[in-house]
Amino acid sequence: MAPVFLKSITKAYGAFEAIHDIDLEIEDGAFVVLVGPSGCGKSTLLRMIAGLETISRGEVLIDGEVMNDVPPKHRDIAMVFQNYALYPHMTVAENMGFALRLAKVPAAEAAEKIRTSAAVLGLTDLLDRYPRQLSGGQRQRVAMGRAIVRNPKVFLFDEPLSNLDAALRMQMRVEIAELHQKLGTTMIYVTHDQVEAMTLATKIAVVNKGRLEQVASPVRLYERPQNLFVARFIGSPQMNILPARAADGGGAARLLDGSRIALPWPLPLGEDGELSVGIRPEALLIADDGALGGRVTLAEHLGGLTLVHIALTDGAPVVLQAVGAPTVAVGDLVRLRVDPAGLHLFDPDGRRIAKPGES
Amino acid sequence: MTALPSAGLAAGSRRSKRLGRRSRAERWAPLLFLLPAVVTLATVSVYPVLDGMRLSLRNTMLSTQEDEFVGLANYLRLTGDPQFWSAWQHTMLFTAASTLLETLLGMAMAVVLYETFRGRGWVRAAMLVPWAIPTVVTSKMFGWLFDGQHGVVNWLLMQAGLIDGYVNWYGDSRTALLTIIIADVWKTTPFMALLLLAGLQTVPHSLVEAARIDGAGPWQSFWSIRLPLLFTTLLIAGMFRALDAFRIFDLVYVLTGGGPADSTEVLSTLSYKVLFSGLDFGYGSALSAAMFITEAVIALGFGLFIVRRMRRDNG
Ligand SMILES: Nc1ncnc2c1ncn2[C@@H]1O[C@H](COP(=O)(O)OP(=O)(O)O)[C@@H](O)[C@H]1O
Ligand SMILES: [Mg+2]
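Chains as they are written, first to last, in our numbering: chain S, 67 to 425; chain G, 1039 to 1353.
Errors might be hidden in some of the hints.
[As the list claims (entries may be wrong)] With beta-carbon atoms standing in for the labels, derived distance ranges: (1) G:Asp1202 with S:Ala177: 36 to 44 angstroms; (2) S:Arg277 with G:Thr1240: 35 to 43 angstroms; (3) G:Leu1138 with S:Arg123: 45 to 53 angstroms; (4) S:Glu244 with G:Met1348: 39 to 47 angstroms; (5) S:Gln304 with G:Thr1240: 36 to 44 angstroms; (6) S:Ala177 with G:Thr1117: 33 to 41 angstroms; (7) S:Thr265 with G:Glu1064: 52 to 60 angstroms; (8) S:Gln247 with G:Thr1154: 41 to 49 angstroms; (9) S:Val396 with G:Glu1064: 51 to 59 angstroms; (10) S:Pro406 with G:Gln1239: 33 to 41 angstroms; (11) G:Phe1155 with S:Ala177: 38 to 46 angstroms; (12) S:Arg123 with G:Thr1154: 19 to 27 angstroms; (13) S:Ala177 with G:Met1348: 26 to 34 angstroms.
Hint data in this document are derived by calculation from the structure and do not stem from the laboratory.
Quick caveat, the model's predicted, so the values are computed rather than measured.
C-beta atoms are modelled at their ideal positions from N, C-alpha and C, and glycine is treated no differently.
Given the sequences, and given the hints that come with them, work out the whole structure.
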């Protein structure tokens, strides 16, 4: 167990900078998820913490020690790779015991550790099998077993679930969360899937083009996205983003189709100042006195929830998420009201315009 | 009640006749496609081997026009012929030494060439030069390099203080085979290295990274991860190399001609001499048959090992 600090980390591949000057503080025992679109530099960042990539500038500290020039084997970390990277010529037990063998742990002690770790992950019956004799989910488990058997200071996961089918992914997600609760070890987890990030993390770091967009708890990230990127990235279905201008002396936002959304707090913008209005799908409500109007283009019934796709009067598409099954049909004209709790405003540079009371 | 099943039977047999016709064509088509390859192999490979076997049972001699069936007489002569057994030993020694050295050195070169460094592409390309040079040229080159009086190797070793007097490398029966082995290693190691490099590249890099995180240093990750995963490739490359080395001819023929005092005589050069200098086709064919059998045994040994290994890896 150990805290991890990244201090102004930069990674350059030749002239190309994959990571720009990232600072991140990971507390002891935290479950931090690095999330972002493909190619944004998540793996590079994780691999720098692991010691598989050199650090171009800045420092990585694990448990208070600078790790820049420390080889991976002396960092006391374990990593689970996306393709699992199991040694194909070793049995499950040998895979799990490889690190112990290298560390010259006595055979009896190693066998005991392998047995207990295998029990935690339900691998006891598979110990004599080779990786090729396992299903995808079992391989994934072995990869985790190989990590936990060493009892490292920090666990690193690089998209460990993305090769699994949806049902298995959900199940393993729960198991990883339980594992974290049981072990209490610092975990750094990379994924491009924001649902995984939201469900697993104690803290999420949103990465975009080699920069940190925002670091916060899942709830905080959802409730106060600091910029348009985070607003769009976090939440499913996506937040509706509509261009608008300030109106009524900052008391309302006027959309392109002319409709006005009254704001419960005054905008710090001059008349006609540009802004973006973000509305969470669940903050759009069908109501006869609603400020917005549009036509239903599609209704997706998900069981407990329904997603209603609506084209506003100027054609801009929005998605509304309703509980249950509202009685709307394709082609219906509807009025929409906006719940201020799910309303977010962004300036022309995409930065959040703080609501009163927000720090 | 009784008419119905028989009508069904008749219809069934009609259908099976139609099916039979089609499946006959389906059965012949693959054989037809195989025919060109079979004919080619039969004429250039199987027929010569069988004809060689036939000749080995006769006393065919071009100089005396003898040509009679003599049974196993040639083979009996072979078992008691010290020239044959010394050539057989030289060939086996050369095969074992060159295959082993080339595999070990080739592996080392492959591991180095796998790493990224400036100019790696050029080095990889340049490596193939020794292999691309015609063997006759290599032989002449080594002839000059290892010359007993004017050779640069002697001079260099003398300067380095490793020898007291000039060594008559391939002119001395004690060092001649060694010289030939050195020349062959120089020529063929790079090729081996490229084969093994291709093998190394099939080992996923993430395995090596996982091993690094598990605490393996470069040596440990080589011994525990890369080598075991490369072993089948290594065996296959070794087998090809061994079968090739066993047929060694040009290097010996040009550099020493089998001398001095038959100390570098190998089976190829011996059969060549018996066949085309002695014109003793019967005995020469028996020699060739002995070569063929030894090669078959080597191939079988490697083959069994490789198959067992593959079974284990994929079973
Ligand atoms: N070895 C490398 N050489 C050059 N560019 C690289 C290398 N590895 C990754 N990159 C680049 O760095 C960026 C970040 O990659 P990566 O960290 O793998 O992204 P992801 O967020 O999908 O894990 C990408 O643009 C990728 O092309
Ligand atoms: Mg990645």
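For each hint, the structure was consulted:
1. G:Asp1202 with S:Ala177: 36 to 44 angstroms: violated (59 angstroms)
2. S:Arg277 with G:Thr1240: 35 to 43 angstroms: Because 37 angstroms falls inside the window, the suggested range holds.
3. G:Leu1138 with S:Arg123: 45 to 53 angstroms: Because 49 angstroms falls inside the window, the suggested range holds.
4. S:Glu244 with G:Met1348: 39 to 47 angstroms: holds (41 angstroms)
5. S:Gln304 with G:Thr1240: 36 to 44 angstroms: For Thr1240 of chain G against Gln304 of chain S, whose Cβ atoms are near 42 angstroms apart, the range 36 to 44 angstroms holds.
6. S:Ala177 with G:Thr1117: 33 to 41 angstroms: violated (57 angstroms)
7. S:Thr265 with G:Glu1064: 52 to 60 angstroms: Roughly 56 angstroms apart at Cβ, these two residues keep to the hinted range, so it holds.
8. S:Gln247 with G:Thr1154: 41 to 49 angstroms: About 42 angstroms separates the Cβ atoms of Gln247 of chain S and Thr1154 of chain G, which means 41 to 49 angstroms holds.
9. S:Val396 with G:Glu1064: 51 to 59 angstroms: holds (54 angstroms)
10. S:Pro406 with G:Gln1239: 33 to 41 angstroms: Violated, at about 59 angstroms.
11. G:Phe1155 with S:Ala177: 38 to 46 angstroms: holds (42 angstroms)
12. S:Arg123 with G:Thr1154: 19 to 27 angstroms: Given about 22 angstroms between the Cβ atoms, the range holds.
13. S:Ala177 with G:Met1348: 26 to 34 angstroms: Given range 26 to 34 angstroms: holds, Cβ gap about 30 angstroms.
The structure is inconsistent with the numbered hints 1, 6, 10, although it conforms to all the rest.
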